[in-house]
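Visitor: The lines below spell out each chain.
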Amino acid sequence: MFFWRRAKQKKARGLTSLTNSLDTNIHWFKQDIFANDETIIYRRFRTGDPQSRACVLVFAEHMVKHEFLSEHIVRAMMQGPLPGGLHKDELITYVTEHIIHSNAVTVTGSFSKLSELIVGGRGVLLVDGCDLGIAVDAQGWAKRQVTEPPSENVVRGPRQGFTEDLGGNVALVQRRITNPAFKTKFMTVGTQSNTKVAVVYVDSVASQALVDEVIDRIEKIEIDAVLDSGYIQELIQDSPYSPMPTIGHTERPDIVAGKILEGRVAVLVDGSPFALTMPYLFVEAFQSNEDYYNHWVPATFHRIVRYISFFITTSTPALYLALISYHPQLIPTNLVISIAASRQNVPFPGIVEVVAMGLVFEILREGGVRLPRPVGQAISIVGAIVLGDAAVSASLVSAPMIIVVGITAVAGFVISPLYNTAVLMRLFLVLTSSILGFYGFVLGVMAIVIHLASIKSFGVPYLTSMTEFLGQNVKDAMVRVPWWRMNLRPKYVAAQDRKRLQSAPGRKNR
Amino acid sequence: MKGRFVLVLLLSCPLLLLCGCWDYTEVELLDFVLGAGLDQVEPDFVVVTEMIKTSGSAQEAQVERVVLTTHGRSLSSAARALSSPAGRDVFWSHAQVFLVSEEVARGGVLSAIEYVLRSRHMRSTIYMFVTRDCTVEEVFKSTPPFNDTVSEHLGVIVDLHAQVSNFYPLQVWEFAQDLNAEGISGTLPTVQLIHERGEMVPIVKGTAVFKKDKMVGWLDGEESALFSLLKGRFQRNHFVMETRTSQGTYPITYQIMGNKVDIKPNVKGERPRMSIKIGLQLSVVEVGHGAKISFQDEKEVKSIEEQLAHTFNRRTRDLLEKLQLEYNADILGFGQLLRRKEPDIWRRYSENWECVFPLLAVDVEAKCTIAFTGLYSQPIIVRD
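Residue numbers (the numbering used here), protein chains in the order written: chain Y, 53 to 562; chain L, -2 to 381.
By construction, these hints were calculated from the structure, which means they are not laboratory data. Computed from a prediction, not measured in an experiment: that's the story for all the values here. Cβ atoms here follow ideal geometry from the backbone N, Cα and C, with glycine treated the same way. Watch out, some of these pointers could steer you wrong.
[Claimed, not checked] Ranges between beta-carbon positions, derived for each pair:
id : chain 1 : residue 1 : chain 2 : residue 2 : range
1  : L       : N234      : Y       : I360      : 38 to 44 Å
2  : L       : R115      : Y       : L382      : 19 to 25 Å
3  : L       : M(-2)     : Y       : L411      : 36 to 42 Å
4  : L       : L7        : Y       : L279      : 31 to 37 Å
5  : L       : H118      : Y       : N472      : 41 to 47 Å
6  : Y       : Q429      : L       : E193      : 52 to 58 Å
7  : Y       : E271      : L       : V5        : 38 to 44 Å
8  : L       : L7        : Y       : H114      : 49 to 55 Å
9  : Y       : L476      : L       : H118      : 34 to 40 Å
[Claimed, not checked] Straight-line C-alpha distance at most 25 Å; calculated SDA-like pairs for lysine to any residue:
id : chain 1 : residue 1 : chain 2 : residue 2
10 : L       : K(-1)     : Y       : S294
11 : L       : K50       : Y       : I383
12 : L       : K50       : Y       : S445
13 : L       : K50       : Y       : A446
14 : L       : K50       : Y       : N397
15 : L       : K(-1)     : Y       : D290
[Stated by the list, open to error] Pulled a few chain Y residues facing chain L out of the computed Cβ check, cut under 10 Å:
id : residue
16 : I376
17 : Y378
18 : H379
19 : I383
20 : P384
21 : V388
22 : S390
23 : S394
24 : R395
25 : N397
26 : V398
27 : P401
28 : I403
29 : S450
30 : G489
Start from the sequences and build out the full structure, keeping to the hints where you can.
Guide: Structure representation (structure tokens):
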């Protein structure tokens, strides 16, 4: 990397800005800056005026809209009558003002700037006798359509998801908050990739200190490339050693809009359909955007189901292990007898069975996730029939264990933001309860709770609104109270303008 | 320094694994005792246990019961000796019933329950029974028709007490409390064997009456039902009474719908008396011999209610006579009631309660109401 930079600097020292000679300029591009780069096209043509000046349009072949360049630059220049007697800057000004039909034009004479613009998808027009180039925005590359995000489906709610296009993503959020208070700050991260990053927030709600902190942390990143928002997430998050997510990510613009309206800050990264939201609290893992679109009673019920699922997915194997290995007296008689009978010829102790089955499930899941769908189905058949049924018939695992692994896995998918964390918690609790039974389980849970209570996300305690019993914060924690009761924004996040709801006319008719 | 700290921490991690795992067992290596009993105490303790043998593969689990008998100098040593014939770790916490034979009960039941109460392996909620006309071993070797094990069978019968009611179930801690308390004697339900299609089937019926910790006699099923009623247990049992009506005398079956019993000491007179007030709500379940009785006739109902009250009065007096004069065992806890309500008077009699109790005057007053006559209030008449 250093060699590359040094080499580039040396070249730049050779020739930093355009000369008046078109041929020299083109030669410099061809032989030095874009040497061995075959995607750069040099379209040479002459203007339609009697002087018939030589022009060259330089662009990266696959980054531009070809129709736009040929129609509005090449054709315009060939046909447009250029008045005679213009020189240098006057000519460039005339061209930008009268000839080129584009709303975004940059004029510069710097080679490094121009080369950056070219690889960024602009067409750069060089005219003979001028030491300035005109860069015209003509970006056009293969973009994915805005589709429903595959990782976050909803039954009721908007069906738009982010794409890999930063500008489009910002627009998707902005379309939901059409208000001058919606602010976007663009930054560039990555010495090699020059990735564009947008920090979006609602000025009238978010705390300025939080916004400054986020911008400051992103500014301090020095990395060669950022290929996904995950890089940024890991580089700026609090408690980086903790497996708990302290920055949230989502593929849905409506979620981002909801979060920034509560005073959070979102970070969008070019090339990534996942936006980051911060601060991220533990309670957010249990909130789903659909909670706010559905009636509050079923929404509350589903939220409670999520809490129960989280308990099931983290604790069931540990509790099962503790029960069968340390406390068989606590299982109802008939159940303990049937468990004992089904474990009769199983050669492994409970702990081995629990860990091995958990591992097998994770292998199957990991195998299935990244495979094309038809192959993925084959994997699930192999998993369900061969490994499940056959392992039980071969007495390698007991049938209750299969049930425990099954319910654990299904419950894990209910709280997808914490899925990976829950796997680790589960393993940790299995280990503690395999050493000390229920006593170990309780100690393990205490350790986890202490850890959760000790971490913060951007200055906000991680367990905020889960450790309270009264006040506005509780209204969106264990339950989702009706909209006409959620009249204030969350206290610890929204710094100013906490009033969310002024009046709800429907309340009189209840 | 920090590196050394981390090193020490890492090195101490294996200590967690070296210390072993407290009470770690494997559930499939346990033999679950479902019921136990004591057949004799002298010269050796003979303990009979009913255990569950689990076998088969994971998919078709098979459960088989095994009855083992062991001997020892004490109940605990006989129980410990079980591991050897069982060949596995014997697990007592799931035991549901504990039986003692008549011989042990007559000799003093304390030696049987001492270990059951003291041991942390057996629960104090275990149900206790006395076997009548059979040994504990015979009971455990009998074959209940529906349940897999005798213990489960007895447990189910205890749960059905409200319907069957001809015994008074007690968990071992309740029994021990009765033994321990002043002015009350203990009872235990009895287990008997009956013949059913060539097999012996255990049933729970009747009561063993204790004085101190020694058994002194039996109450039969009907007496036990009344005893259980006087103890205030929730009951829904049926009984048949020959009832005089305007049409003649017919057997009518009644069910108890609500029972409220109030036993109070009365110390107004020279000597303390006890008063028992029984309030019963009954329903007519079945009318025998095609009797054409209309329960809409108030007079008829009134007469039936009076007969019922009379019967309950008589039967209560009979039971009290048996308890006072024959067994001299205060199993209804008159002494305890006196002690609670009138401690001064109790102090006067507590020394020689044994002599006072048989002569204690008891006023019995039963009040019966017929609340419900099934789906028909008119007689069900047969015509051609």
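Visitor: At the C-beta level, are Q429 (chain Y) and E193 (chain L) separated by a distance inside 52 to 58 Å?
Guide: holds (56 Å)
Visitor: Holds or violated: is there a CB of chain L closer than 10 Å to the CB of G489 (chain Y)?
Guide: holds (7 Å)
Visitor: If you check the beta carbons of R115 (chain L) and L382 (chain Y), does the distance land in 19 to 25 Å?
Guide: For R115 (chain L) and L382 (chain Y) the Cβ distance comes to about 21 Å; the hint holds.
Visitor: A closest beta-carbon separation below 10 Å is what the hint needs, so does I383 (chain Y) meet it against chain L?
Guide: holds (8 Å)
Visitor: Quick check on I376 (chain Y) please, does its C-beta sit within 10 Å of some C-beta on chain L?
Guide: holds (4 Å)
Visitor: Are K50 (chain L) and N397 (chain Y) close enough, with their CA atoms no more than 25 Å apart?
Guide: Roughly 13 Å between the alpha carbons, so the hint for K50 (chain L) and N397 (chain Y) holds.
Visitor: Does the hinted range 38 to 44 Å hold for E271 (chain Y) and V5 (chain L) at CB?
Guide: Roughly 40 Å apart at Cβ, these two residues keep to the hinted range, so it holds.
Visitor: Between L7 (chain L) and L279 (chain Y), does the beta-carbon spacing fit 31 to 37 Å?
Guide: Between L7 (chain L) and L279 (chain Y), where Cβ atoms are some 35 Å apart, the hint holds.
Visitor: Taking the least C-beta to C-beta distance, is R395 (chain Y) closer than 10 Å to chain L?
Guide: Holds - the Cβ of R395 (chain Y) comes within 10 Å of chain L, reaching about 4 Å at its closest.
Visitor: Is the interface hint satisfied for S390 (chain Y)? The criterion is a beta-carbon contact with chain L at less than 10 Å.
Guide: Constraint on S390 (chain Y) satisfied, holds at 6 Å.
Visitor: Can you confirm whether the C-alpha distance between K(-1) (chain L) and D290 (chain Y) stays at or below 25 Å?
Guide: holds (22 Å)
Visitor: Go through the hint on H379 (chain Y) and say holds or violated, using the shortest Cβ distance to chain L against 10 Å.
Guide: Because about 8 Å separates H379 (chain Y) from the closest Cβ in chain L, which is inside the 10 Å limit, the hint holds.
Comparing the model with each numbered hint stated earlier shows that all of them hold.
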